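**Q** Sequence:
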Amino acid sequence: MDFTGKNVLVTGASRGIGKATAMAFAQKGAIVGINYRSNDEDAQQTLSELPGDGHKLFKWDISQKAETKMLIDDFIKAYGRLDVLVNNAGISIFHEIDKVDFDHWTHAWEKTFETNLFAVANTCYWAVQSMMKSGGGHIVNVSSRGSFRGEPTKPAYGASKAALNAMSQSLAKKLAPYKIYIGVVAPGFTETEMARETLTPAERENLLRESPFKRMAQPEEVAHAILFLASEGAAYSSGTIIDVNGASYLRS
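For the sequence shown, the residue numbers in our numbering are 1 to 252.
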């Protein structure tokens with residue numbers, strides 16, 4: 001998995017899975033664009049840690065439709081070509097139907113789909129316009145185990161990721177003639193900085209019981225699957241969804 005000379009854009013890359021993915025691409029020779037919405041300090045820290053030269057920050061809020069085009073235009077202006085897009089940015093909002101009022105319920109659905117589905121669809125659109133002109137590329141979308149098993153406390157999250165899977169596979173079929181390959185990685189709960197900061201001991205223990213490995217995924221393990229799907233040798237795996245959940249949810 002050599003990405004020397006490849007230009008890679010990772011959304012939501014200031015921390016967590018996005019940061020690990022940016023690091024992994026840079027370690028394999030890529031020039032990496034780090035997209036983030038607001039956390040300047042973490043984004044600058046991530047940029048400073050990337051090995052190699054030429055990496056840049058791209059501060060755009062992709063939940064805003066107009067800013068998806070601005071992001072891709074900005075990236076193309078900086079590097080001339082987009083070879084790999086990783087749609088990692090995502091949110092989840094608790095909204096249990098038996099506990100929240102209608103305003104909270106509808107807000108959760110609207111905001112979750114804005115970021116987890118519509119932003120990805122729009123970013124894909126502009127990336128594809130560029131990739132069709134440059135001869136192809138790879139897009140990897142980050143989904144979730146929740147798209148398959150259900151999310152009773154965050155149904156909009158599960159639904160948005162299930163829709164993301166279906167959209168990705170539709171695009172894999174449509175874009176194959178253009179040599180644009182689409183992959184999906186569906187992690188289980190991943191031990192990011194945010195998880196370490198926010199999980200209670202009881203929540204952590206419950207999560208550890210879900211996997212026979214008795215641990216959560218590490219961001220680097222998710223990044224490894226992303227790099228595989230973005231690699232030249234994975235072209236015929238277009239449309240694939242790779243589970244990275246430590247056998248906590250198995251499907252066939």
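Worth double-checking, as some hints may not be accurate.
Simulated restraints on C-beta separations [stated by the list, open to error]:
#1 Met70 with Glu96: 19 to 27 Å
#2 Ser38 with Asp98: 31 to 39 Å
#3 Asp98 with Tyr249: 40 to 48 Å
#4 Gly233 with Lys111: 15 to 23 Å
#5 Gly5 with Thr153: 26 to 34 Å
#6 Pro177 with Gly5: 33 to 41 Å
#7 Tyr236 with Asp101: 27 to 35 Å
#8 Gly29 with Gln129: 21 to 29 Å
#9 Asp103 with Met70: 24 to 32 Å
#10 Ala78 with Glu197: 46 to 54 Å
#11 Glu203 with Ser237: 47 to 55 Å
#12 Asp103 with Glu220: 34 to 42 Å
#13 Gly52 with Tyr236: 41 to 49 Å
In the SDA-like style, the derived pairs of lysine to any residue whose C-alpha atoms are separated by at most 25 Å in a straight line are [to be verified]:
#14 Lys99 with Ala66
#15 Lys77 with Arg149
#16 Lys174 with Lys214
#17 Lys214 with Gly239
#18 Lys77 with Ile93
#19 Lys77 with Ile91
#20 Lys111 with Ser63
#21 Lys69 with Tyr125
#22 Lys28 with Lys111
#23 Lys179 with Ile76
#24 Lys173 with Val244
The set of hints was computed from the structure by calculation and includes no laboratory data.
All figures in this text were calculated on a predicted structure; none of them were measured in a lab.
Where a beta carbon is used, it is the ideal one built from N, C-alpha and C, also for glycine.
**Q** If a hint holds in the structure, say so; if it does not, say that too.
**A** Each hint tested on the structure:
Take Met70 and Glu96: their Cβ atoms lie about 36 Å apart, and the range 19 to 27 Å is violated. For Ser38 paired with Asp98, a C-beta distance near 33 Å keeps the hint of 31 to 39 Å intact. For the pair Asp98 and Tyr249, the supplied restraint of 40 to 48 Å is violated, since their beta-carbon distance comes to about 24 Å. Our hint of 15 to 23 Å for Gly233 and Lys111 is violated, since their Cβ atoms are close to 37 Å apart.
In this structure the hint that Gly5 and Thr153 lie 26 to 34 Å apart at CB is violated, the actual value being about 44 Å. Taking 33 to 41 Å as the suggested C-beta distance range, the pair Pro177 and Gly5 does not conform, at roughly 24 Å. Separated by about 49 Å at the C-beta atoms, Tyr236 and Asp101 break the suggested range of 27 to 35 Å. A C-beta distance of roughly 26 Å is found between Gly29 and Gln129, which places it inside the suggested range of 21 to 29 Å.
Hint check: Asp103 to Met70, Cβ distance near 31 Å, so the stated range 24 to 32 Å holds. Between Ala78 and Glu197 the CB atoms are about 32 Å apart, so this pair departs from the stated range of 46 to 54 Å. Between Glu203 and Ser237 the C-beta distance comes to about 34 Å, which lies outside the given range of 47 to 55 Å. At about 39 Å, the CB distance of Asp103 to Glu220 agrees with the hint of 34 to 42 Å.
The hinted window of 41 to 49 Å between Gly52 and Tyr236 is violated, with their beta carbons roughly 29 Å apart. At roughly 35 Å between alpha-carbon atoms, Lys99 and Ala66 are farther apart than 25 Å, so this suggested pair is violated. Distance hint between Lys77 and Arg149 is unfulfilled; the C-alpha atoms sit about 41 Å from each other, more than 25 Å. Taking the CA atoms of Lys174 and Lys214, the gap is near 40 Å; set against the 25 Å cutoff, the hint is violated.
As the CA atoms of Lys214 and Gly239 are separated by approximately 30 Å, the hinted pair breaks the 25 Å bound. For the hint pairing Lys77 with Ile93, the CA-to-CA distance comes to about 35 Å; that exceeds 25 Å, so the pair is violated. A distance of roughly 28 Å separates the Cα atoms of Lys77 and Ile91; the hinted pair therefore is violated under the 25 Å criterion. Note on Lys111 and Ser63: the hinted pairing holds, with a Cα-Cα distance of about 8 Å set against a maximum of 25 Å.
Straight-line distance between C-alpha atoms of Lys69 and Tyr125 comes to about 9 Å, which keeps the hinted pair within the 25 Å bound. Straight-line distance between C-alpha atoms of Lys28 and Lys111 comes to about 35 Å, which puts the hinted pair past the 25 Å bound. For the suggested pair Lys179 and Ile76, the alpha carbons sit about 19 Å apart, so the restraint of at most 25 Å is met. Distance check on the hinted pair: Lys173 and Val244 sit about 23 Å apart at the alpha-carbon level, within 25 Å; holds.
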